[in-house]
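Model the full assembly from the supplied sequences, consistent with the hints where possible.
Quick note, the sequences are listed as chains A and B, same order.
According to numbering that gives the first Met the number 0, the residues represented by the first sequence are 0 to 112, in order.
According to numbering that gives the first Met the number 0, the residues represented by the second sequence are 0 to 318, in order.
All the pointers check out, no bait thrown in.
List of simulated lysine-lysine pairs, DSS-like, C-alpha gap at most 27 angstroms: (1) K267/B with K29/B; (2) K210/B with K109/A; (3) K165/B with K71/A; (4) K146/B with K71/A; (5) K84/A with K210/B; (6) K100/B with K80/B; (7) K194/B with K62/A; (8) K183/B with K165/B; (9) K80/B with K29/B; (10) K62/A with K210/B; (11) K27/B with K100/B; (12) K62/A with K146/B; (13) K117/B with K194/B; (14) K62/A with K165/B; (15) K71/A with K210/B; (16) K29/B with K100/B; (17) K46/A with K80/B.
Distance windows between CB atoms, simulated: (18) K210/B with K62/A: 18 to 28 angstroms; (19) D253/B with D49/A: 49 to 59 angstroms; (20) G75/B with M41/A: 21 to 31 angstroms; (21) T2/B with S38/A: 22 to 32 angstroms; (22) T45/A with Q191/B: 45 to 55 angstroms; (23) G85/A with G81/B: 36 to 46 angstroms; (24) V88/A with K117/B: 28 to 38 angstroms; (25) D253/B with K19/A: 53 to 63 angstroms.
Among the chain A residues that face chain B by a calculated CB cut under 10 angstroms, a handful are: (26) F25; (27) S29; (28) K35; (29) M59; (30) K62; (31) R65; (32) R66; (33) A68; (34) E90.
Hint data in this document are derived by calculation from the structure and do not stem from the laboratory.
All C-beta atoms in this analysis are idealised placements derived from N, C-alpha and C, irrespective of residue type, glycine included.
Chain by chain, the residues run as shown.
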Amino acid sequence: MAILDLQYTDWDREVESTDKPVVVEFWHQSCPICKKIESTVMELPTKLGDRAKLARLNVMDSKENRRFAIGKGVIGTPTFKVYCKGVEVGEIVGLEATMNLLGTIENLLKSCV
Amino acid sequence: MRTALYDVVVLGAGPAGLTAALYAARGKLKTLVLTGSMVGGQIALTYEVDNYPGFPDGVTGSDLSDKFKAHAERFGTEFLKGEATKVDFDSNPHKIWVGDKLLETRSVVVATGMTNRKLGVSGEDRLMGRGVIICATCDAILYEDRKVVVVGGGDSALQEALDLAKFASEITIIHRRSELRACKCLTDRATQDPKIRFLYDTTVVEIIGEKRVERVKLRDLKTGEVKLLETDGVLLAIGWDPNTSIFRDQLEMDEAGYIKSEGVKSSKPGVFLAGDLIDRQYRQVVTSCGSGCAAALEAISWVDAQSNHSDVLKWGAQS
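Printed below as a string of structure tokens:
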């Protein structure tokens with residue numbers, strides 16, 4: 000399973016209209032923390048298996064992506080948000096993502112029962 | 000839980016620590032690096048390093064730290080993620096605890112580096128990453144049409160303010176002194192930028208917000224007046240502090256927490272120092288690597304003298 004690269008136009012289909020929990024990373028290529036944790040992030044689909052879908056949205060891909068992320072309350076990168084049936088249940092921001100990312104996501108996924 | 004006896008344990012995995020590990024491991028010392036939370040130190044949070052020799056096109060901080068680590072690993076360095084919770088440099092061998100794990104080692108290289116200085120005010124830790132910014136490279140673009148406060152008056156504060164001004168609607172630089180400390184070129188650019196304004200003789204006494212930064216409480220240092228300023232972000236650029244508090248009762252240090260040193264030697268036998276925590280002046284990647292190398296060579300000599308293994312120095316001295 001791979002990580003889905005989202006554009007803001009994919010949001011309704013891939014995040015809002017799905018029963019499976021979705022973990023979305025808001026990131027960009029000039030963000031040093033995003034780069035630092037990239038290998039950990041790439042392992043998440045395998046480690047989470049069927050428990051969640053993994054997606055990421057590059058806030059520098061377009062002005063629209065950036066403004067969409069700002070509209071979702073993103074004010075730092077990386078920000079990981081966990082959605083259950085389209086509803087946000089929690090987030091992991093900045094340096095928090097360098098410490099036990101998988102464990103923190105697993106805890107947030109418990110809200111999705 | 001006790002581990003095997005190491006020849007050297009390196010505390011910290013920035014350029015100084017990783018260089019020390021490379022030299023020590025290549026010198027045939029049994030070497031362990033205790034990495035802290037992240038390999039790379041400050042450069043892991045730097046997008047591009049443009050002045051490290053050998054990389055004419057620049058290199059990302061992340062790539063450079065990965066290369067440093069791989070180089071040290073090539074000679075057999077072991078890595079352990081975590082931070083020392085207690086040390087005893089008076090014992091022989093020296094003892095370092097990481098939680099309930101005990102590391103014993105003949106020598107130590109302390110290269111724990113620096114972290115961004117915090118204001119130490121209410122709201123700062125709780126709102127870190129939620130409007131309190133320490134990595135402008137990561138976050139500036141998300142402050143489009145928002146208001147940001149930049150705290151500080153040096154070069155980095157003004158450079159960050161100028162970068163933020165490309166996106167933000169309004170920048171307020173809060174400085175506790177009546178004059179900036181930044182260089183003239185940055186001062187000229189910042190004072191001419193219509194988005195940037197300055198509040199001198201002022202400090203931030205509280206950062207306020209429920210889930211996000213909403214405002215800051217300011218105190219005028221001349222009049223004592225306290226007022227609120229609405230803002231979406233607070234960028235901290237007030238300097239750096241050495242990560243040395245755990246060594247306070249073990250090593251001599253000054254009031255600011257810089258460890259007193261003679262070259263790379265500390266006040267305790269077999270404990271050597273490297274990187275920013277002994278460097279108030281230069282603090283470059285390449286100077287940290289230099290002191291990491293020197294600390295490792297001293298550690299090799301120390302271990303050799305302790306164990307009379309004469310071949311150790313021979314390995315360490317090779318270029």
